[in-house]
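K.L.:
This is what each chain is made of:
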Amino acid sequence: MANALPLILTVFVACAVEAIEALTIVLAAGLTRQWRSTFQGMAAALVVLAAVLGVLGPTITLLPLGTLRLVVGALLAIFGLQWLRKAILRASGHKALHDEASAYLREVAAAKAAPEVPKGRVSDWYAFTLAFKGVLLEGLEVVFIVITFGDNQRNLGAAVIGAAAAVVVVTVTGIAVRAPLAKVPENAMKFAVGIMLTSFGSFWGAEGAGVTWPGGDGALLVIVPVVAVVSLAYVAWIRRYRPAASLGQQARAPEGVTG
Amino acid sequence: MLRALKSFGAFWHDFVIGDDWHVAAIVVVALGLTALLVHAAHVSAWWLVPLAAFAALAWSLFRATSSSS
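One line per chain: the protein sequences are X and F, in this order. FYI, the numbering for the first sequence is 1 to 259, going by my numbering. FYI, the numbering for the second sequence is 1001 to 1069, going by my numbering.
Among the hints, a few may not be true.
To be verified - When the alpha-carbon atoms are kept at most 30 Å apart in a straight line, the in silico DSS-like pairs for lysine-lysine are as follows:
#: 1; chain 1: X; residue 1: Lys183; chain 2: X; residue 2: Lys119
#: 2; chain 1: F; residue 1: Lys1006; chain 2: X; residue 2: Lys183
#: 3; chain 1: X; residue 1: Lys133; chain 2: X; residue 2: Lys119
#: 4; chain 1: F; residue 1: Lys1006; chain 2: X; residue 2: Lys133
Claimed, not checked - Heads up, incomplete: computed chain X residues facing chain F, CB under 8 Å, no partners named:
#: 5; residue: Thr67
#: 6; residue: Leu68
#: 7; residue: Ile78
#: 8; residue: Gln82
#: 9; residue: Arg85
#: 10; residue: Leu89
#: 11; residue: Ala114
#: 12; residue: Val117
#: 13; residue: Gly120
#: 14; residue: Ala206
#: 15; residue: Gly210
#: 16; residue: Val211
#: 17; residue: Thr212
#: 18; residue: Trp213
#: 19; residue: Val230
#: 20; residue: Leu232
It should be emphasised that the hints constitute simulated quantities derived from the structure, not laboratory data. Even glycine gets a Cβ: it sits at the ideal position worked out from N, Cα and C.
Starting from the given sequences, assemble the full structure and let the hints guide the process.
P.N.:
Structure (structure tokens):
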């Protein structure tokens, strides 16, 4: 269990960020439209996610470990560098900081404007689809992180525990405050997640390509801080030599799927 | 059907590759070179992937900040 702690913590933080974003959408749908259709949408998305995890998780472990690490490490490194890129651009002022409060207000405005249309057993199709898409899209990132980290460490159970704990903590907190979790340092968490995904991805990818790391798994204790220091140096470099004129068109552009 | 396939592909492209495909390409090339160095030249090239990741990130950030600074 002690060996699994870094895995659980990494998955916990990564999944908490996704759960916070999903919570914002669910709250917007539930509080402005109606809870019944929102819960139906959430439940449908969770069933799809459980099926994806249940099928892909054990299937991927059938691959030889070297192949698994090469493929998953590459995906994780690419995915992590994307997160890191966005986090660095945010930290250096070239991209607007992610703000759950304003994201919530945007969702609420859209939800209030949409008409209430029943479909089958769903009395409010808009609330259903909003909750379904929100939970499914953010949940797919959770599933991706759980499968890549869990299968690579041959400990899918520990990764599931980390993800489930994150979802439970965020959900319980969200129910308690009945508002988006705007006070959570989400941008700093995203920066940290980008560092972890990039570090683990580079480590596993290189191992899959045949590399033997000096110090074995202990190399991660060097890789993670080095990635963090280099990323912070990039932030300082951009702030000093390439400062943002203003938060222009790019900064206001809608977010992609990740980060 | 074709539209569904296209949007499925677009989703996964956005999900994994994201805003700058150059980063993904550099990582893939670096892993290929690493495998080549390890298996063909017997060089323990553990340093190549992290260096390529830092270079890819710097290149991508340089391009992104060129258009907005």
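K.L.:
Hey, does the glycine 210(X) contact hint survive, CB to chain F under 8 Å?
P.N.:
holds, 4 Å
K.L.:
Taking the closest Cβ pair, is threonine 67(X) under 8 Å from chain F?
P.N.:
Violated. Min distance 12 Å.
K.L.:
Was the hint right that alanine 114(X) lines chain F, CB cutoff 8 Å?
P.N.:
violated, 21 Å
K.L.:
For the hint on threonine 212(X), just tell me whether its beta-carbon gets within less than 8 Å of chain F.
P.N.:
holds, 6 Å
K.L.:
Does the interface hint hold: is alanine 206(X) within less than 8 Å of chain F, judged Cβ to Cβ?
P.N.:
It holds, given that the least Cβ distance between alanine 206(X) and chain F is near 4 Å, below 8 Å.
K.L.:
For the hint on leucine 68(X), just tell me whether its beta-carbon gets within less than 8 Å of chain F.
P.N.:
violated, 14 Å
K.L.:
Hint check: is the beta carbon of valine 117(X) less than 8 Å from a beta carbon of chain F?
P.N.:
Hint violated; valine 117(X) Cβ to chain F Cβ min 22 Å, cut 8 Å.
K.L.:
Is the straight-line distance between the alpha-carbon of lysine 183(X) and that of lysine 119(X) 30 Å or less?
P.N.:
Judged against 30 Å, a Cα distance of about 37 Å means the pair is violated.
K.L.:
Does the interface hint hold: is valine 230(X) within less than 8 Å of chain F, judged Cβ to Cβ?
P.N.:
holds, 5 Å
K.L.:
Let me know if the C-beta of tryptophan 213(X) comes in closer than 8 Å to any C-beta of chain F, holds or violated.
P.N.:
Holds - the Cβ of tryptophan 213(X) comes within 8 Å of chain F, reaching about 5 Å at its closest.
K.L.:
Between lysine 1006(F) and lysine 133(X), does the CA-CA distance stay at or below 30 Å?
P.N.:
Roughly 18 Å between the alpha carbons, so the hint for lysine 1006(F) and lysine 133(X) holds.
K.L.:
Within a Cα-Cα threshold of 30 Å, do lysine 133(X) and lysine 119(X) meet the stated pairing?
P.N.:
Judged against 30 Å, a Cα distance of about 16 Å means the pair holds.
Going through the hint list in order, the structure does not satisfy hints 1, 2, 5, 6, 11, 12, 13 and 20.
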